[in-house]
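Enquirer: So the chains spell out like this:
There are 2 protein chains.
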Amino acid sequence: MTDLTPVLHAKAIDLGRLAIRATTAAGSGHPTTALSLAHIVAVLMYRVMRWTPADPGNPGSDRLVLSEGHAVPILYAACTDLGVVFGPDGKHRAMTESDLMTLREIGSPIDGHPNPVLGFPFFDAATGSLGQGLSVAAGLGCAARVDGLPKRIFCIIGDGESREGQIWEAMDFCADQRLGGVVAIFNCNTLGQSDYVSSAQDWEHLAAKAAAFGARVEIIDGHDPAAIERALRITEDGRPLAVIARTVKGWGVPSLGGPGHHGTPVKSEALAGVLAELDATARRLGVADIGAQDFAALKIAPPVAAPAARAAPQVPMGFGAALAKHPALALAKKLSPRRAYGMALAALGDANEAVVALDADVKNSTYAETFAKAHPDRYFEGRIAEQNMVSAAAGLAAAGKIAFVSTFGRFLERAFDQIEMAIIGGARIKLVGTHVGVTLAADGPSQMALADVAFARALAHVTDAKGRSLVVLTPSDAVSAYKLVLAMAEYDGPAYLRAVRGDLAILYRDDEQFPLGGSKVVRRPVEAPAVVLAASGYLVHSCLDAAEVLAQRGVAAAVVDAYALPLDAEPILEMARAARAAVLAVEDNYVGGLGSELAEASAALAAPVTVESLGVRRIPKSGRTPADVLDYVGLSVPEIVAAAERLARRQRSPHERNGSV
Amino acid sequence: MTDLTPVLHAKAIDLGRLAIRATTAAGSGHPTTALSLAHIVAVLMYRVMRWTPADPGNPGSDRLVLSEGHAVPILYAACTDLGVVFGPDGKHRAMTESDLMTLREIGSPIDGHPNPVLGFPFFDAATGSLGQGLSVAAGLGCAARVDGLPKRIFCIIGDGESREGQIWEAMDFCADQRLGGVVAIFNCNTLGQSDYVSSAQDWEHLAAKAAAFGARVEIIDGHDPAAIERALRITEDGRPLAVIARTVKGWGVPSLGGPGHHGTPVKSEALAGVLAELDATARRLGVADIGAQDFAALKIAPPVAAPAARAAPQVPMGFGAALAKHPALALAKKLSPRRAYGMALAALGDANEAVVALDADVKNSTYAETFAKAHPDRYFEGRIAEQNMVSAAAGLAAAGKIAFVSTFGRFLERAFDQIEMAIIGGARIKLVGTHVGVTLAADGPSQMALADVAFARALAHVTDAKGRSLVVLTPSDAVSAYKLVLAMAEYDGPAYLRAVRGDLAILYRDDEQFPLGGSKVVRRPVEAPAVVLAASGYLVHSCLDAAEVLAQRGVAAAVVDAYALPLDAEPILEMARAARAAVLAVEDNYVGGLGSELAEASAALAAPVTVESLGVRRIPKSGRTPADVLDYVGLSVPEIVAAAERLARRQRSPHERNGSV
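If you read the protein sequences in the order shown, they are chains A and B.
The first sequence runs 3 to 663 under this note's numbering.
The second sequence runs 3 to 663 under this note's numbering.
If you are wondering where the hints come from, they were derived from the structure by calculation, not from laboratory data.
Incorrect hints may appear among the rest.
[Stated by the list, open to error] Heads up, simulated DSSO-like pairs for lysine-lysine below, C-alpha to C-alpha not over 27 Å straight-line:
| # | chain 1 | residue 1 | chain 2 | residue 2 |
| --- | --- | --- | --- | --- |
| 1 | A | K468 | A | K93 |
| 2 | B | K269 | A | K336 |
| 3 | B | K327 | B | K375 |
| 4 | B | K327 | A | K335 |
[As the list claims (entries may be wrong)] Some chain A residues well away from chain B (every beta-carbon gap over 10 Å; in silico):
| # | residue |
| --- | --- |
| 5 | A214 |
| 6 | A314 |
| 7 | H328 |
Note that CB positions come from ideal geometry on N, CA and C, so glycine has one too.
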């Protein structure tokens, strides 16, 4: 075999040149980080990876996850040189140099950080918030194993970035799952943004850490093409491979070396000088004369395998049939939504082999274990590391899986950044948070999801480049929980189901339909209601109890199960408007949920309807029963009754209606 | 010295008995985890720690952070035995056995997981969401160093819990900061909730990991009192100490051994049998006859030092004086709020020695470096590990520091769980997120804080046991930024300041006041406004521009700088009501911010005012200028004008006002 070292040096320099020019054109970006990766990217994309630029998203190809997303210009440079196909759906074409020069333009898919959903299928996930890429790579590795594809997944991680604990959660996960195809490449260029990296992130410490975490470790000069190729071609032995690459930030351009050059593009007027420095580097290495003919020696191996045809999904069994599999429960009048989650997930797994699940050491509480027992090959135990679990699910979703992720809703807060990154990248992840709300009671606020609703609702009202939004679902009984789990699997976008811990009375028949965005009137008084109570989950039952009490006191109350966010608020507001009634949203969460949804919809009308919210306004604490804590936070049935009566009375008083308050 | 092993065995068994009884009384809790820590807690609290039960919050005493918060009954047991003082402010008293039996009662400070704010000053922070304790311990260690107190900070971590990446972020931080007084005790009982822990979390791997992360490592039998004491008394050498304690979950009670006993209290009817098993263990160890006289040998050493008197804070210099220190800026008409943050933080540091700061490798972007240069001994570089940084700040706050934490607002999302835990525990942390909103432009959505507002607003409307809430501040110029930084330092609670990247025109004079919860009318038309534009940050300037255009078109618009959440909405709504105008909230964030705040306040009125929100409803992408991205998300000045005109027109049309929409 010819020694390709000179050719790869020349290619790395060419890519560096393009990356510098692109960031200068953009007026921002990270050329020095890009240069530190020039050789690694050249060896990966022109030599080691088995893929095709004509079909960069091909599921049978090796994958490259750029965890340090700000280094992306060096990948774009290679994609330009190779004419990688990109562009929004229906407009795919080979990338050109003029495309590259649109880096960071508002109309361009050549974004500042990797993002597949904008039309760049070479990427599997949006990166840029650091520390998440190795988890995505692990998810891709899990999917490859399920699919029987002998792919390799390469992940480039910054040295400073490897301070993020999630990197080590991912390494544990790779070791646990024996993901020998995952290769973590640590780019040890010694410089962070504001300073040198800590000695804790120098190459020696990173090597020792990776070894302690169960990886096979190779230490190389990250600018030596032969050494890079040797390390990246190491045969799998079941352990993840950690390649510790010693690199130079601003490689090849002495004037860009050392601190103070992070995230700073070369100014237009300095560009010629900087490119001349690269030319000098080429001459120093004796590769200045290498040209197109020599580059022909760089041949890319095709995708490693064609994915096997997948069995067409069947229709999952209905709630009744699923219940019949649990004879002990069949006669139960109360059932927890989380148990229905487990039943639905197992049924989905039976019907569709694309369904996979992850959980974080609480599968016996979330009932993900129902699935884990039925489909052990498609269950991935994430242990107590929620961030890795969510990003791994994004990787699984990128590989075409319908990936369910469950833990206590409270612990998903740990992964809000990862959830948002998954959604930014268009990952259709399916999140399930159990034990939500104050009715968890005894375990106290460290275990209660209460701020999750506000965060999730924010993402429910924003669309990605394909027009998809997060849907948020809080079922009030086991039937609706079951059906909503099926619906979220069906939905072509991200979803979040919230399930309380406790057993709840069954409210619905098996033939009831639960459209996303919908709501259900579960109590409609004969006379026009004086107040409309809207709630979800546990509190639907409290509102039904409150409506009984209100009826005894002569106040007609309707009750709506508003199980979805975003919510079509109009039917609820119209019911209130028609009856000249007010709406009381009753919420087992902090501000920013159903009450906000209804208030915003109402206040935007030319003739708004009065909407009040009764929610959690003090941090709860442990209580021995749900009733204790509901009372503590002001959500007991008597308090719902009192708030509803006050509202109803005010609605009836024309003086108060017209006066200022 | 007498061998205290039998006495400590007996004490451990006594504590185990109490912990079991308490969880049985509560009907929930984690007795088996508690038993695995019985000896470690006995040695710590009766032998090694220098403290006093009469004043458990004494700042001169050694501290114990229980990272695996669910094990707390064993600490409560020791506190009961020692009569540790607890209770809400003004009602301090020694804990008794009947107090212990109120575990998890709604009226009791003996909560399900540690929480100081409920009235249990033995704890420094709320724990229970796993993986955060070592960071809190590190923060306490930093504070001790600043204060010159030779304290030791012990932290107990579960083996399963050590899967959380934050544990390793904290270990890196302890090593970087040479926190030799911090002792991480890993409770290796081999069992998680749903299964055995992974081999990645067995004692051998944990020992190797801790060593690779720069800790001094001791491996011990966690039920051998002498071995525990020897390890915990190791003299400091600048490295954090990691004690790998091999323990037994359900120690002393064979029937509670093995999997399936996590988080399950002993049923009342089984209690006698379980306690008899502990008695049998005592007999087996030959310690059944040890009693009060023997226990007298367990003497607790007093707090190691009295804190030095602290200089009284002075009044920080005003904005003008701070600006004068930067001659290059003194004449600038535009200045970024983040630069004002750096100036204010440095001024606070001059005036008050309790002020400390942390940042995550972006101090040159957030301008925390202004403080770092002025007060290097009170600056702690957190590197790229936001979770550890936030929890460490909670530790610093627990030790009486006014701890500022800065990074890009987007990256604070990584630490939402840690922020919520800090707030649950009553920590008065001061968060600063820079580069917020879409005007960051070129770097794209992975770097833009947009969902942070909804999350923070949720916490702004909930009070802790002392009545404190998070305040959220988004200044629109450098003067207000400067003053709001001073105000958040002054505020006796948690605060979050959001600062855009760009330079903004100066809007305010140095003598303007910015009360928390307030807003400023920055444009008041001569005639009654047809529309009130409310905004914060960058968009206040856009609204001023829009109001100019509207005026040219004959539409009078008022502009309000609504810099605070929670917001006193009434003045804004009253202005609109008086003028029969509508309100348009213009927001550089996802749903859940100012628009929700105003809509909720309005909709709750008997005669609501129309409120619409113009905000970010699609995920942004890179653009080369702020204007490009504002246009992309529909927040350009022409779009603000169009929305305002539409609203104003509708307000004037009585037909539309009364009809349904």
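Enquirer: So, for every hint listed, does it hold in this structure?
Expert: Structure-based check of each hint:
1. A:K468 / A:K93: holds, 14 Å
2. B:K269 / A:K336: Within the cut-off at roughly 23 Å; holds.
3. B:K327 / B:K375: holds, 14 Å
4. B:K327 / A:K335: Given that 27 Å is the threshold and the Cα spacing comes to 72 Å, the pair is violated.
5. A214: With a cut-off of 10 Å, A:A214 comes too close to chain B, as the shortest Cβ separation is near 4 Å.
6. A314: holds, 32 Å
7. H328: holds, 19 Å
Consistency note: the structure conflicts with the earlier hints numbered 4 and 5.
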